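Protein chains: 2
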Amino acid sequence: MKTYLDCLPCFMNQALRVGRIATTDEKKIKELLDSVGAMIKDFSLDNTPPEMGNIIYQKIREITGVNDPYKKIKEANINEALSLYPKLKEIVRKSENSLLTAVRIAIAGNIIDFGVNKKFNIANHFLEILEQDFAIMDFDKFVEQLEKANSVLYLGDNAGESVFDKILIEELGKPVTYVVRDIPVINDVTEKDAIDSGIDEVAEIISSGTSAPGTILSLCSDDFSEIFYNADMIISKGQGNYEGLSDVMRSVFFLLITKCPVIANDLNVKEDDIVLKAINFGSSPN
Amino acid sequence: MKTYLDCLPCFMNQALRVGRIATTDEKKIKELLDSVGAMIKDFSLDNTPPEMGNIIYQKIREITGVNDPYKKIKEANINEALSLYPKLKEIVRKSENSLLTAVRIAIAGNIIDFGVNKKFNIANHFLEILEQDFAIMDFDKFVEQLEKANSVLYLGDNAGESVFDKILIEELGKPVTYVVRDIPVINDVTEKDAIDSGIDEVAEIISSGTSAPGTILSLCSDDFSEIFYNADMIISKGQGNYEGLSDVMRSVFFLLITKCPVIANDLNVKEDDIVLKAINFGSSPN
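Sequence lines, in order, name chains U and Y.
Under this note's numbering, the residue at position 204 of the first sequence is numbered 204, and the numbers go up by one with no gaps.
Under this note's numbering, the residue at position 80 of the second sequence is numbered 80, and the numbers go up by one with no gaps.
Please keep in mind that the hints were generated in silico from the structure rather than gathered at the bench.
These numbers were taken from a predicted model, which means no experiment stands behind them.
Any copy will do: because identical chains look the same in the list, a pair fits if it lies in one copy or spans two.
Keeping only pairs whose Cα atoms sit at most 30 angstroms apart, straight-line, the calculated DSSO-like set for lysine-lysine is: (1) K259 - K270; (2) K72 - K259; (3) K41 - K27; (4) K27 - K270; (5) K28 - K270; (6) K27 - K59; (7) K27 - K2; (8) K28 - K72; (9) K28 - K259.
Just chain U, same shape as in the assembly:
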């Protein structure tokens, strides 16, 4: 997805939000906003938004010296999600279609996102989302491709959401490789966060090699790109991965909540909708 004009003020808001998480020093936050503001003129709208996210987080590390501002928040979100895990398993077990229920749970987990300007309550929002109608619902294609696949590449998004991903992985019934960011960025899931979420018990964990808050192949490692293009089936979680991959030339299943008006508009749905969208289904490769 290209960058829209609306994303530009939002970059400043992101910088302010994370600046305040990283430091209480107003001068450093002003310096950060000065830098981000000055970089906008060099940022082409042909880039995807997470590329700017990547630059903003580099600046945050430089200016504040803090490498993982969301560390404690991520730990708290993982622990809260883990406390819900037994209940989630019970919901899946009792449901008519356990795969569909697990898909819903994985999407509901996408509510945990500090990259957008919205507050959330995991336990409250989560139950609402489980009942919500899908705005885009390509579940039939999802099942069809899953049945044919020998393995699944699963692109994680946020820490804590990763626990909800585990529920879906357990229902896929295929070997899964779970992809994490290379270093901490916003509250995105890293290798440590994935292990803390118990993903290592159900999937192989690999890094995409990127520090951007989304899967932008040009910023990922060559090894990852090869895995990406050769995967039988790709499940991509969340907005950042959608922004990076919406125009990619292979089949991908996007599972997300649209938490920003720009992405909702790009998908032709409303804000706060839930989406299971297939792109390039049935085309080659995969």
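For chain U, the structure is supplied; the task is to place chain Y on it using the hints.
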């Protein structure tokens, strides 16, 4: 009021909003956002926010060639407000305290504001605000100073709101000088807008000499500053004038709706509160 960190992303939002009113050319809007972003590093938080508003609107004029992007919107708002005028006069006539009702009406008119990121419906919001409790209510001081004053200096804010101001001016019972911006900026009231609102029938209209969307004395004409400091009583409408004058060393009565969280916080009230606040009441000068 100084500029808060939260104002910096808001400047970008303002630029985007007015850029889209002024032109449909995305390249020009990007150029505008590039310029505003780059100027943030040279903007001290010790300045007041309307000083940045002033710079943003200069850039809009330069880049788009459009001097009055809100011209048609202002005309529509004035006409809608004029259509409500007979009903407003009736409400005042029937009320127990006609001056207080006129104050409420003048504050309710402050809902017409394109400088903030909120949508409004004049007729709907207006009736709600007439019933709303004041968050700050210095009406007794207002009455006391009005009784002593030989004349009143009334600082207008938005076009359309000016019709609601006329209602209050008619109840003040003193000679009034109504102050407008020197040139069009956002939807702020200019001399032409004031005349279209019928203000010339009830007050003398003068310009503050500024192109900023607020009364910042250092940007106003010397003539205006002299009038300002010698006025018996000053009524200041809206957020922009509050931002410019909240720290001024003379008595001022601020009438406004707090439409932004930063200004609400500065006034120690909530967003969407209604305020009649006296500063430096009883102190010299005036």
